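Line order of the protein sequences matches chains B and Z. Quick note: the first sequence, position 70, residue 481 per my numbering, numbers continuous. Quick note: the second sequence, position 52, residue 54 per my numbering, numbers continuous.
Be a bit skeptical, because a hint or two may be false.
As the list claims (entries may be wrong) - Simulated DEER-style distance windows between Cβ atoms:
1) B/Gln582 x Z/Thr153: 47 to 53 Å
2) B/Lys453 x Z/Ser51: 55 to 61 Å
3) B/Arg501 x Z/Asp81: 47 to 53 Å
4) B/Pro554 x Z/Ser89: 33 to 39 Å
Bear in mind the hints are in silico, worked out from the structure with no lab data behind them. If you're wondering where the values come from, they're calculated on a predicted model, not measured in any experiment. Built from N, CA and C at the ideal position, the CB exists for glycine as well.
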Amino acid sequence: MFRLLFRTVAVFAVLLLAIQFVHPSLPNPPVTADFQALPEVKQILKSSCYNCHSNETKLVWFDYPIPAYWIVRDHVLEARKHINFSEIGRLPAAQQKAALYEGIFQISRGAMPIPAYVAFHPDAKISEQDVTVLENYLVSISPAQKSTPDDAGAAQYEKWIATGNETSHPQAAPNGIAFPSDYKNWKPISSTERFDNNTIRQILGNDIAIKAIAENQINPWPDGATFAKIAWLEQTGPDAVIRPGEFFQVEFMIRDSQKYANTLGWGWARWRGADLKPYGKDANFVDECVGCHRPLDDTNYVFTEPVRGQQ
Amino acid sequence: MMCNSLIPASFAFALLASAAFSGCSSNNRVAPLAATINENASLSAAESSALPANPLKWRIITSSIDPQSSTMSTLYGNDIAIRYARSNTNHDYPPGSQIALVTWTRRDDPRYFGAKIPDHLKSIEFVSVDELPGETKFTYEKFEGSPLAKTASDESATPSQSAQALLNQRAAVLP
Numbered sequence: 412m413f414r415l416l417f418r419t420v421a422v423f424a425v426l427l428l429a430i431q432f433v434h435p436s437l438p439n440p441p442v443t444a445d446f447q448a449l450p451e452v453k454q455i456l457k458s459s460c461y462n463c464h465s466n467e468t469k470l471v472w473f474d475y476p477i478p479a480y481w482i483v484r485d486h487v488l489e490a491r492k493h494i495n496f497s498e499i500g501r502l503p504a505a506q507q508k509a510a511l512y513e514g515i516f517q518i519s520r521g522a523m524p525i526p527a528y529v530a531f532h533p534d535a536k537i538s539e540q541d542v543t544v545l546e547n548y549l550v551s552i553s554p555a556q557k558s559t560p561d562d563a564g565a566a567q568y569e570k571w572i573a574t575g576n577e578t579s580h581p582q583a584a585p586n587g588i589a590f591p592s593d594y595k596n597w598k599p600i601s602s603t604e605r606f607d608n609n610t611i612r613q614i615l616g617n618d619i620a621i622k623a624i625a626e627n628q629i630n631p632w633p634d635g636a637t638f639a640k641i642a643w644l645e646q647t648g649p650d651a652v653i654r655p656g657e658f659f660q661v662e663f664m665i666r667d668s669q670k671y672a673n674t675l676g677w678g679w680a681r682w683r684g685a686d687l688k689p690y691g692k693d694a695n696f697v698d699e700c701v702g703c704h705r706p707l708d709d710t711n712y713v714f715t716e717p718v719r720g721q722q
Numbered sequence: 003m004m005c006n007s008l009i010p011a012s013f014a015f016a017l018l019a020s021a022a023f024s025g026c027s028s029n030n031r032v033a034p035l036a037a038t039i040n041e042n043a044s045l046s047a048a049e050s051s052a053l054p055a056n057p058l059k060w061r062i063i064t065s066s067i068d069p070q071s072s073t074m075s076t077l078y079g080n081d082i083a084i085r086y087a088r089s090n091t092n093h094d095y096p097p098g099s100q101i102a103l104v105t106w107t108r109r110d111d112p113r114y115f116g117a118k119i120p121d122h123l124k125s126i127e128f129v130s131v132d133e134l135p136g137e138t139k140f141t142y143e144k145f146e147g148s149p150l151a152k153t154a155s156d157e158s159a160t161p162s163q164s165a166q167a168l169l170n171q172r173a174a175v176l177p
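Given only the sequences and the hints, what does the whole structure look like? Please build it.
Following this line, the structure appears as structure tokens:
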């Protein structure tokens, strides 16, 4: 009995030793377009985010033994693909800002830095005070728009009216989801003002979603419940009132706990521009949707807190 | 001999680390979110029955945000009004049209830093267009407060200034 146990442990130890030699490299590419911000902001990102989200990765001794190293390496490469602060300066300003807002969202939900990472790197913990510093910084780089010209919005509107209420049949999303053409006849369930990207939004729900709201069956939402979130670029008039300007996009969440079990129980799709171009190079675009909605496990991955009274 | 005990110990640690890294990323450090209805912004059945109509049953014409009064509004229309607003650049709604502007105060979105959402339902304004023998009648009514009570009303052959402000709003593009 003891001999068997000893043998098992020995085999296991030898295997562990053997795999130590499978050690793919994890180079730090040059820092080409480093994140620029106030020193106190940058300091927080340096100590909490840069180890994975930059080309300045510093491993510590316990990151080296296999298999820990494999996992750490995988995480770093994945993190850099998502957002790399050493190269962020190459992105358009709006995209940089969007990445920072997503970051503060992930931080605020405790999803970032990854809790297991913080457990081993306590210095990476982001305090509430740090969050306030980051939020104040984001507000400072997101000023309200002054009065904006309406030419593009007006032109788009004229064209839309001229083509009447023709039903749109754009190409399906890369994951095969067809455009829910009837969305514009669904009922509003909320609206949002997005000061992070100067869009004004409406969230509409189909009949199943409206019934679920009336019956307060929204966690989880029933299969078939579908939301359309419509975003227009903000158009600020001379009266300082903000109205929808150009149509920017419409995106959908379609609840089906079985069919979409691999993507949080929701089907995801988005069409951009008045010509409704499907969003995403290939079906993997849903990783983006899922990555941002995943921290909302308390609310069945839904951002909208619905208004009731439609029935 | 020390090596013999140290190496497995460090492997065990590495395994532990791996397990932790690959384990769940539960959000245990932050307060949970409530999956609730936005009650303050909602319209109860009792309240809507005291109104000329329940605009939340209707479809959307457009929306607006007024940073000065810190409010956000949605303009709804009944079927006749929607059909007109989505296919005409003029603002001469046909008889039978009803539109309603629902206004909320606004608050920070607890689920996303970067967004503001409806807080309390503040007011509902209605404009109805009716055909009378020989003339068109425009009715404007405003309801405010909690519970909603009528605070203004106006009937005339030409729209009042408040009514016109609603009728003039351009429909938001919905391709």
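*Violations among the numbered hints, reported as their numbers in ascending order*: none
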